[in-house]
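Here the protein sequences come in this chain order: A and B. The C-terminal position of the first sequence is numbered 330 in our numbering, with every residue numbered one higher than the one before it. The C-terminal position of the second sequence is numbered 330 in our numbering, with every residue numbered one higher than the one before it.
Any given hint might turn out to be false.
Since the list can't tell identical chains apart, any single copy or any two copies may satisfy a pair.
To be verified - Distance condition first, Cα-Cα at most 30 Å in a straight line; then the derived BS3-like pairs of lysine-lysine:
#1 K222 with K165
#2 K303 with K34
#3 K22 with K61
#4 K222 with K10
#5 K258 with K222
#6 K14 with K45
#7 K61 with K34
#8 K28 with K89
#9 K34 with K89
#10 K240 with K28
#11 K89 with K31
Calculated directly from the structure, the hints in this document are not laboratory data.
What follows is each chain in one-letter form.
2 protein chains.
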Amino acid sequence: MLMDHQQRTKEMIKEIDRALMKYVERGKHEKLIKAMRHYPEAGGKRMRPVMAMLVAEAVGKRGKEALPFGCSLELIHNFTLVHDDVIDKDPVRRGRPAVHIAFDEPTAIIAGDALFAIAYDVLAMTDVDGERLRRLLRAVSDTVFLVAEGQQMDVDNEDRPTVSKEEYLDMVEKKTAVLFACAAEGGAIIGHGTEKQITDMKEYARLLGIGFQIWDDVLGIKGDAKKVGKPIGSDIRNGKRTLIVLDALERLEKDQRKHVLTDALGNEKATDEQVRAAIKLLEDIGSIENARQFALDYAKRAKDLLSCLKDSEEKEMLREMVDYAVGREL
Amino acid sequence: MLMDHQQRTKEMIKEIDRALMKYVERGKHEKLIKAMRHYPEAGGKRMRPVMAMLVAEAVGKRGKEALPFGCSLELIHNFTLVHDDVIDKDPVRRGRPAVHIAFDEPTAIIAGDALFAIAYDVLAMTDVDGERLRRLLRAVSDTVFLVAEGQQMDVDNEDRPTVSKEEYLDMVEKKTAVLFACAAEGGAIIGHGTEKQITDMKEYARLLGIGFQIWDDVLGIKGDAKKVGKPIGSDIRNGKRTLIVLDALERLEKDQRKHVLTDALGNEKATDEQVRAAIKLLEDIGSIENARQFALDYAKRAKDLLSCLKDSEEKEMLREMVDYAVGREL
Chain A
1 MLMDHQQRTK EMIKEIDRAL MKYVERGKHE KLIKAMRHYP EAGGKRMRPV
51 MAMLVAEAVG KRGKEALPFG CSLELIHNFT LVHDDVIDKD PVRRGRPAVH
101 IAFDEPTAII AGDALFAIAY DVLAMTDVDG ERLRRLLRAV SDTVFLVAEG
151 QQMDVDNEDR PTVSKEEYLD MVEKKTAVLF ACAAEGGAII GHGTEKQITD
201 MKEYARLLGI GFQIWDDVLG IKGDAKKVGK PIGSDIRNGK RTLIVLDALE
251 RLEKDQRKHV LTDALGNEKA TDEQVRAAIK LLEDIGSIEN ARQFALDYAK
301 RAKDLLSCLK DSEEKEMLRE MVDYAVGREL
Chain B
1 MLMDHQQRTK EMIKEIDRAL MKYVERGKHE KLIKAMRHYP EAGGKRMRPV
51 MAMLVAEAVG KRGKEALPFG CSLELIHNFT LVHDDVIDKD PVRRGRPAVH
101 IAFDEPTAII AGDALFAIAY DVLAMTDVDG ERLRRLLRAV SDTVFLVAEG
151 QQMDVDNEDR PTVSKEEYLD MVEKKTAVLF ACAAEGGAII GHGTEKQITD
201 MKEYARLLGI GFQIWDDVLG IKGDAKKVGK PIGSDIRNGK RTLIVLDALE
251 RLEKDQRKHV LTDALGNEKA TDEQVRAAIK LLEDIGSIEN ARQFALDYAK
301 RAKDLLSCLK DSEEKEMLRE MVDYAVGREL
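Given the sequences, and given the hints that come with them, work out the whole structure.
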């Protein structure tokens, strides 16, 4: 990324952070406010609001006007994280105790609901005409419903012996990609973009979102432990069924090496040696490279859609965002 | 209630039920759909949508136009019930297993979130101009935030040795009254009412909502077991700190009869005789009559506000709704 783009992104994030902190400082209940603030104040890349603002600027020089909408999506993103952590019983998030650990489960459920309510209140502040507001409202609500569906699929998949690659990708689309898609779609609506721009930008972000998650799966296996922020191989020991693992299980169906993977997969007591052997097998049979190529293909298709925009600094930044989503930290 | 009013209410409820069932039949995930449908299909008095429609009709002959908005509030009401039951670990609701029992806790949390998302999607269907839609969106979001705050107060109060009557009423306002207030306010907005009508109808419903809850507390102590649907005295054995109990604890501060109440309060093993003695004490010191008068006063003030409406059948029905909220089944 160009240095001045990096600097500009940093400044956007600062502006978004300030707005977010103002929005969650709401009501009279100290504990509830603290619980709502817990994740947003722990930082984050704010990819969704940054994307919404860049798109609105690129299509119609209305980046500023997309700030509340972008924050609304960030609040929704945070609300889903709070509830997901309760559901998955994850004790840690962004290096801090999860909300349900730092407070308690009832407070986490309520804080999530409250963040969701605030998100819609912030959405209502958007400086657009009423019919565009109605369209944004529908887009956001449809999106959150799909995110809920994706989360339910994720919960149910844990009890199933096998999951197909198609089912996994459907879940990734709902849990991750649709919120990105909504950010870019909304940005284009707020920027008074053409119907083609609205459609193309939504698809751009959907592809980016899927690529982002698959790249995350690759990082979970191959990334630098320090940069990724969790010990390499933990995805193997946790038995996380990523695209890589699902692909490998298919390829190894009748292969006598299969046990090298299954011995380590979901085995919290697996030795480092066993985990390394499993990763080597994933490499040897091409499952890691397959996922990598899959993500890169999505990234390329996402970039192609940027042709609906006139050349601008923001267009460049949206291109760089794809490179960050698919390509980071490996 | 007049017979034809009863009939008309029944028909409104049927129409609301049909719409609700259509709205929750959403997405591809069977289990999630069933979980979302679980409470709405178990029936209910649909007081919030009925109120919204009556108000919209009374101010501007736009009752039909308030149907989606009313359903949106009913979905929100149901979403809060689903999450409340998870939080309070209540196993039964409307005579059926609670969602988190019939399914599981993760599904209950997700189904609540999904109902909330659908509620906003339904709101977006409202046939009003964009600026009125924006106003409805803000009213609904503000309301849900207050409901969350009320629920958090309720959770926190359980760990506190004492709660004042003022704190209890503040909680009742947030947990119950604000959603009624939003129903009437929204109905008046959708009906193109004057600012005075919007303000007065909101206040009418807020007063009705508080009266409704206090009357519920009276029924919990004095009501006919069959009609109320739970054994009389269960509020005493569960140690529920209602206005009646809080008032009594204040009055009995230095009274040697205090133990008659505290022996039974929150004591699941209290004998029927002990519970009867406690109820008799609540009567003797006037705490029950005090709550009754309190609710009746709120009811009177609610009815007075109806003077902002021209005479109509709907205005009569809104008056009867107060009599139902404060006066039912004793």
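Hint by hint, which ones does this structure get wrong, listed from lowest number up? Result: hints 2 and 7 break, sorted rising.
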